[in-house]
Amino acid sequence: MASAPENEKNASAPEKKTLTLKSMINNEEFVVDEHVALQSVTIKNMVDSDCAGDVIPVPTISGEILALVIEYCKNHANPSASEDDLKKADAGIVAKDIYTLIDLVLAANFLDIKGLLEVTSQKIADSIKDLPHQDVREIFGVENDYTPEEEAAVRAEHDWAFEGFP
Amino acid sequence: MQFGLIQDASIGSKHNITSLSSMPEYTSSADKVAANNDLLTEILIRLPARSLMRFKSVSKHWLSLIIDQFFVLCRNPDSSTVSGLYYCTRLGPVLSQNLISSLSSMREIQLMTLDPDHLTTRLFVFRPLGLMCLPFKVCYYRSEIYSTETGSWRASGEPFTIENDNNNMQFHAGVYWNGAINWFNTWGDSLYFDVDERLGTMPMLPVPEGNWYKREFRHYGVSRSHLHLVEIYGPVTCFNFLQDGERLLWVVCEIPRRS
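From first to last, the protein sequence lines are chains A and B.
So in my numbering, spot 70 of the first sequence is number 356, and the numbers just go up one at a time.
So in my numbering, spot 175 of the second sequence is number 179, and the numbers just go up one at a time.
If you are wondering where the hints come from, they were derived from the structure by calculation, not from laboratory data.
For each residue, glycine too, the CB sits at the ideal point set by N, CA and C.
Don't take each hint at face value.
[What the hints assert, rightly or not] With beta-carbon atoms standing in for the labels, derived distance ranges: (1) A/GLU443 <-> B/TYR217: 27 to 37 angstroms; (2) A/ASN312 <-> B/PRO207: 57 to 67 angstroms; (3) B/HIS65 <-> A/ALA438: 40 to 50 angstroms; (4) B/LYS218 <-> A/ASP383: 48 to 58 angstroms.
[Said to hold, decoys possible] Cβ-to-Cβ under 8 angstroms is the rule here; a few derived chain B residues that face chain A: (5) ARG54; (6) PHE59; (7) ARG222.
[What the hints assert, rightly or not] If you only want the chain B side, here are some residues facing chain A, beta carbon under 7 angstroms, derived: (8) VAL37; (9) ALA38; (10) GLU46; (11) ARG50; (12) PRO52; (13) VAL62; (14) SER63; (15) VAL211; (16) GLY214.
Throw the hints in and build the complete structure from the sequences for me.
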């Protein structure tokens, strides 16, 4: 019976289907259980409509970000994880710099993973809420389309919100 | 089959720009978020009120998202009906379904509210520090917040000073409006306490000329996102409106009463 694990694995193989997600940015591949990957509505739709091959190419997400997404999906696919555990795990996943978070929120949006979208959006909001609006402009690459007069007028409406800010 | 939905350049922040050199035109992740109204709104809706007011200055596009009626509604589904606003005096807790009627005890004012912005039950408490009125007739207030999650009190914000020439600071009304609880004061400025836990004063219009030494207010309340103050001075009835998002703008209508 020494080889039992191998046999058991084979015996249960049809139950545990896996999918391979491949980042087309750096060709990194991730083998994940299907039920983990199906937390992505985008992937679920593909699988449901028989559009998914063995390897699912993900064209717009880097391996680094895909790894975070899969970590999130794994955590949330675990039925024995408590709400507290998930909260802590989520906090760990989004403890990243703002640019990584922006990549992550785009990935969550593209793969349609609601929970990850929410927790990442919240973290981005928390990261920028105390920044001057000029910094926020820079982070999001927003061009200032106000004339100096217009900008002063918008600002004057909410002077109280600018106390302590440049 | 590949994902067929996204045809634009790859997601990837500045650090992997080199791997995208074959792309005809590189669009950074931040640019993509900034150009995606749904995604941007998803982030903006999670910001506190003060940040949103500042970020109106980011660009005209951001301004349009922040003042969008749907956005305002999503963020604050029904700001005029805070159902759980309570206060207690030294005599014990008083529960008020219709927000707060009035309270003029200077010694201890406690106020609890369900904070609609954070969807958690919080308690706001105002207590003058030390004596009721200190020298120079200035009262120091400190607010404390009770968290039902942790079961403990914590100090909230900086202690707050109120000029109080008449020894008569009052806390009438207690109306939730524009992200803050607003109290009406018959002498001097009125007070508000906003969602960012900041206590402040709201200048009031001067009392009309005549033998009126204090405000003769009849109503202070919110309707259709406007804060209304109705005052009656003899033959003149004043309707004052504070517009949504405009803390300092008062519009006055005087309606002469028929005698």
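Q) If you check the beta carbons of A/GLU443 and B/TYR217, does the distance land in 27 to 37 angstroms? A) 33 angstroms, holds
Q. If you take the shortest Cβ to Cβ gap from B/PHE59 to chain A, is it below 8 angstroms?
A. This interface hint holds because 5 angstroms falls under the 8 angstroms limit.
Q) Measuring from the C-beta of B/ARG222 to each C-beta in chain A, is the shortest one below 8 angstroms? A) B/ARG222 check fails; min Cβ-Cβ to chain A is 28 angstroms, beyond 8 angstroms.
(Q) Between the beta carbons of B/HIS65 and A/ALA438, is the distance compatible with 40 to 50 angstroms? (A) For A/ALA438 against B/HIS65, whose Cβ atoms are near 18 angstroms apart, the range 40 to 50 angstroms is violated.
Q: Using Cβ atoms only, decide whether B/VAL211 comes closer than 7 angstroms to chain A, and label the hint accordingly.
A: 24 angstroms, violated
Q. If you take the shortest Cβ to Cβ gap from B/GLU46 to chain A, is it below 7 angstroms?
A. Hint holds; B/GLU46 Cβ to chain A Cβ min 5 angstroms, cut 7 angstroms.
Q.
Is the interface hint satisfied for B/VAL62? The criterion is a beta-carbon contact with chain A at less than 7 angstroms.
A. Holds, because the Cβ-Cβ distance from B/VAL62 to chain A comes to roughly 5 angstroms (cut-off 7 angstroms).
Q. Are A/ASN312 and B/PRO207 spaced within 57 to 67 angstroms by their CB atoms?
A. Roughly 59 angstroms apart at Cβ, these two residues keep to the hinted range, so it holds.
Q.
Tell me if the interface restraint on B/PRO52 is satisfied: Cβ within less than 7 angstroms of some Cβ in chain A.
A. 6 angstroms, holds
Q. Falls inside 48 to 58 angstroms, the C-beta gap from B/LYS218 to A/ASP383?
A. With a Cβ separation near 56 angstroms, B/LYS218 and A/ASP383 satisfy 48 to 58 angstroms, so the hint holds.
(Q) Checking hints one by one. Is B/GLY214 an interface residue toward chain A, by the C-beta closer than 7 angstroms rule? (A) Hint violated; B/GLY214 Cβ to chain A Cβ min 32 angstroms, cut 7 angstroms.
**Q.** B/ARG54 as an interface hint toward chain A, with CB separation required under 8 angstroms
**A.** 5 angstroms, holds
Hint compliance for this structure: hints 3, 7, 15, 16 are broken, all remaining hints hold.
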